[in-house]
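Engineer: Chains as they are written, first to last, in the working numbering: chain A, 1 to 221; chain B, 1 to 194.
Just so you know, not all the hints are guaranteed correct.
[Unchecked claim] Quick list of the computed label-pair ranges, beta carbon to beta carbon:
1) A:Leu12 <-> B:Glu153: 15 to 25 Å
2) B:Met166 <-> A:Val80: 27 to 37 Å
3) B:Lys129 <-> A:Val80: 32 to 42 Å
4) B:Lys162 <-> A:Pro18: 28 to 38 Å
5) B:Thr15 <-> A:Leu79: 24 to 34 Å
6) B:Asp17 <-> A:Ala65: 12 to 22 Å
7) A:Leu12 <-> B:Lys162: 49 to 59 Å
What the hints contain is simulated information worked out from the structure, not anything from laboratory work.
This structure is a prediction, so every number in the text was calculated from the model and none was measured.
Heads up, the beta-carbon is just placed ideally off N, CA and C, and yes, glycines get one too.
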Amino acid sequence: MTDYWEHIDDYLGNKLSPVAKLSFENALKSDRKLESAVENYNTLKLISSEFLDEEVRNVLSKLEAPKKGNTKLKYVIILVAIAVLGLISYLYQADKKPEILYAEVYEEPAWPIRRSVDNSLSDAIKLGMDGNIEMAKQKLLDSGLETSEQQYWIAELFASKEMADSTLAYLPKSWHDNIRRDRINYLEILSYIKKGQNEKAKQLIDALPPDTDDWYIKKLK
Amino acid sequence: MKADQKELLRKIRSTSDDRKQVIEMIAKNTELGNAIRSYVLSNSGSSDDATMVFHDSIIDFIKKVFTDHSFELSSTVDSYIFGIAKNKWYGILKSRKFKSDSLDEVLVREGEETIFANINQKEKSAILKNVLQRLSGNCREVLMYWAGGYSMEEIAIILNYKSAGMARKKKCLCMKELVDWLEEHPHLKNELRK
Chain A
1 MTDYWEHIDD
11 YLGNKLSPVA
21 KLSFENALKS
31 DRKLESAVEN
41 YNTLKLISSE
51 FLDEEVRNVL
61 SKLEAPKKGN
71 TKLKYVIILV
81 AIAVLGLISY
91 LYQADKKPEI
101 LYAEVYEEPA
111 WPIRRSVDNS
121 LSDAIKLGMD
131 GNIEMAKQKL
141 LDSGLETSEQ
151 QYWIAELFAS
161 KEMADSTLAY
171 LPKSWHDNIR
181 RDRINYLEIL
191 SYIKKGQNEK
201 AKQLIDALPP
211 DTDDWYIKKL
221 K
Chain B
1 MKADQKELLR
11 KIRSTSDDRK
21 QVIEMIAKNT
31 ELGNAIRSYV
41 LSNSGSSDDA
51 TMVFHDSIID
61 FIKKVFTDHS
71 FELSSTVDSY
81 IFGIAKNKWY
91 GILKSRKFKS
101 DSLDEVLVRE
111 GEETIFANIN
121 QKEKSAILKN
131 VLQRLSGNCR
141 EVLMYWAGGY
151 SMEEIAIILN
161 YKSAGMARKK
171 KCLCMKELVD
181 WLEEHPHLKN
191 ELRK
């Protein structure tokens, strides 16, 4: 039995013999679907040719998809980076609290006043307060003051400039009275706070002599 | 024509897997992609325009090779596709300018035109997907090669049928399925002609 569907191309390409053509046209009259295929031949071919277009687009879209994915990944990385920076900034600010504490807790000493006879101490302090720390230090070391007294005032000058290491280096290990002792302990604790060594500062606060002046206790605790 | 170019054309006319290799190779050719991008961007186009032109040029090239069996390259693949891209972009610019001049609403019209163009492509893809869902195994390939002017002998070799007769029977079966689909969607006959 003839399958006329196999002859559609030849019929429309005018390649059938007259007998076969007549037979095909008779079949068209009785087969509605075959007739539709002939009527819509160009549309069928057009749809079929679009399959190639679709095939190429599919390949291209699959190549594009990872790029779009990468863009999303970039946004995620940026968001994570912002979050991390925010956290670092927060921790940095938290870490800086001791510095703020130093400024809040530090109180200047009773600086020596100018006398009519010997002004070497007050002159050196003035130099230091004006920013000439090295000259002030040298002037104090050249003065006739006791060594512990020289060291104490040099330490006070460094403490006023928040120079913790230098302060600790010059703090005297002996003192004449409890007032000076309390002040030296106070400067030592502040220096460790300034250095960020809060644990060490806490240990020193806990180890303060029981008769330490209340003013220092309140200030430090 | 160089041997590698002949091989490239052969692959385009061969199986889907071979063709896929060629499409990927061209799409990943950054030198060509950048040349088209530079051309489009330096001629009033956007980055999206450049991607669209690049992809459409690849499609046109593949279709040309697939359907024109005697086609041979007289230059390199890159310069041929770049030529397609230039003509394509010139046509788009001309069309946009015509529309903006005639309507005197440059920005609004251009935006609408882009949206319509995208919708048409999306609709077209949706319709084709719908057709393909209806067709049985291998019908997409058989009909695609048939529409591309391949003989039943060639289709049998490419798609691994035992004979040209088997390929012809498969083509008839697929064509009947496609006619059925078309009869069910008479309003879409014209849509696909766009």
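Engineer: Hint by hint, say whether it matches the structure.
Structural biologist: Do the hints match the structure? See the list:
Take Leu12 (chain A) and Glu153 (chain B): their Cβ atoms lie about 20 Å apart, and the range 15 to 25 Å holds. Between Met166 (chain B) and Val80 (chain A) the Cβ separation comes to about 58 Å, which falls outside the hinted range of 27 to 37 Å. Checked against the hint of 32 to 42 Å, the C-beta distance between Lys129 (chain B) and Val80 (chain A) comes to roughly 37 Å, which is consistent with it. The hint said 28 to 38 Å for the Cβ distance between Lys162 (chain B) and Pro18 (chain A), and at roughly 33 Å that hint holds.
Under the hint 24 to 34 Å, the C-beta atoms of Thr15 (chain B) and Leu79 (chain A), about 44 Å apart, miss the expected range. Under the hint 12 to 22 Å, the C-beta atoms of Asp17 (chain B) and Ala65 (chain A), about 19 Å apart, fit the expected range. The hinted range of 49 to 59 Å is not satisfied by Leu12 (chain A) and Lys162 (chain B), whose Cβ atoms lie roughly 27 Å apart.
Violated hints for the displayed structure, listed by number in ascending order: 2, 5, 7.
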